[in-house]
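With the hints as a guide, bring the two chains together.
Chains L and C, in that order, are what the protein sequence lines are. Sequential numbering of the first sequence, starting at 1, is according to this note's numbering. Sequential numbering of the second sequence, starting at 1, is according to this note's numbering.
Keep in mind the hints are simulated off the structure, nothing from the lab. Please note that a few of the clues may not be correct.
Claimed, not checked - Partner residues are not named here, just some residues of chain L that face chain C (Cβ under 7 Å, in silico): (1) Gly42; (2) Glu108; (3) Gly109.
Since this is a predicted model, take the numbers as computed values, not measurements. Here a beta-carbon is modelled for each residue, glycine too, at the ideal position from N, C-alpha and C.
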Amino acid sequence: DGGITQSPKYLFRKEGQNVTLSCEQNLNHDAMYWYRQDPGQGLRLIYYSQIVNDFQKGDIAEGYSVSREKKESFPLTVTSAQKNPTAFYLCASSTGAGLNTGELFFGEGSRLTVL
Amino acid sequence: GQQVMQIPQYQHVQEGEDFTTYCNSSTTLSNIQWYKQRPGGHPVFLIQLVKSGEVKKQKRLTFQFGEAKKNSSLHITATQTTDVGTYFCAGLNAGGTSYGKLTFGQGTILTVHP
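So here's chain C without its partners, still in its complex pose (with noise of 0.2 Å):
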C-alpha cells in the first residue's frame, strides 16, 4: 500500500533560524495537503498543491511540490515561537490499491528556542 514518509521526524531550532521538513510518497499522488497542529491541540489545514512542480507561499512558508509529485517540502524561513507544533503532510493517492486515499506523513515536530 501507499507509505508518505516524512522526515526529520524531531527539529530543534534557534529562534530566526530556518526550517525545512520533507515528504515522500511510495506512489504518485493527485495532490498533497500540508497540516500544523500545535501542542495539545489539532490538525489545521495550511495547504494543498496539485500541479507538478508547483510553489505556493503564506508569509515565511514556502510549499513545494516535486515535479513527478512523489515528494513535497515545507519551509519556514525565520522562525518564530509561534512555529512551535507538529506539521504533516497528507498525500491525496492518484492510482493502484490505494486510489482516493490520503495518507498522512509521521509528522515533524519543530521545537523554537527563544
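This is chain L alone, in the form it adopts within the complex (with noise of 0.2 Å):
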C-alpha cells in the first residue's frame, strides 16, 4: 500500500535527551512536511522539503532539526534545546511544492512524551 509511515507511535524521553522520529513515504512525492499539533492550536510547520538534500525551517524550528537525504525518508530530531517538546508530531507529503502545493497526505504521527 502507498502511504507514509511514521515511527515510533508513542515515544517517552527525558529530559535532556535527543529524539528522532522516523517519517517514510512511497508515495514519489517531493516534497515533505513536518507539524506539531497542540491542542487548540492547529498545526504548526516545524519544518519542509521541497527536493532531496533541501529543506527550509517553518515557523517553530527552533530546537528541532531534520534532514533529507533520500526521497522517501525525512526525520525529524527533537533536540534538548527544544523547551517544550510533549506534542503530537505529524509528518505529511504533497506532490507539488510552494503554489502548486496539492493535498497533504499525513501520516498516523507521533506522541512524544517527555518526562
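Below you can see the structure in the form of C-alpha cells.
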C-alpha cells in the first residue's frame, strides 16, 4: 500500500535527551513536511523539504533539526534545546510545493512525551 | 506573516442539526484546503477550492470560497455521529513574505450528540 509511515507511534524521553522521529513515504512525492499539533493550536509547521538535500525552516523550527538524504525519508530530531517538546508530531507529503502544493497526505503521527 | 483564523473553536450539536465552520485569512489565498481529523487519528484531505466564489459539495458537506479569496466555510447538513472530529482549513498564500506557504487554521472540534 502507498502511504506515509511514522515511527515510533509513542515515545517517552527524559529531559536533556535528543530523539529522532522517523518518516518514510512510498508515494514518490517531492515535498515533505513536519507539523506539531498541540490542543487548540492547530498544526504548526516545523520544517519542510521540497526536494532531496534541501529543506527550509517553518514557523517553529527552533530546537528541531531534519535531514533529507533520500526522497523517501525525512526524519525529525527533537533536540534538548526544544523547551516544550511534549506534543503530537505529524509528517506529511505532497505532490507539489509552493503554489503547486496539492493535497497533503499525513502519517499516523508520533506522540512524544517528555518525563 | 499570514494568519488563518478559524471559528468556532468548539461546536456541540444534536444529531440532525446543521454545522458550519468559518475560516478567515489575513492575506489573499491562492487556494484553500479542508481536512478532517477523527479523534485519535490524523488529518485527512477533504477538498481543495481554487476559484473565487467557488462552491463544492460532497454529499452533506458544502464548501465555499469567498469572492475575495480570503475566507471560506464548511457547512454540514443534518450532522451524524460519524461527522465527529476536528475540521481544519489550510490556506495557500498567494503573495508577500508567505508566498506559496500553506497555513492551517486552529481547527473546529465538532461533537455530535445522538
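Hints, one by one, checked against the model:
With 7 Å as the threshold, the beta carbon of L:Gly42 comes within range of chain C, its nearest partner Cβ sitting at about 4 Å, so the hint holds. The restraint placing L:Glu108 at the interface with chain C holds, with a minimum CB-CB distance near 5 Å, inside the 7 Å limit. Restraint check, L:Gly109 versus chain C: the minimum CB separation of about 5 Å is within 7 Å; hint holds.
In summary, the structure agrees with every hint in the numbered list given earlier.
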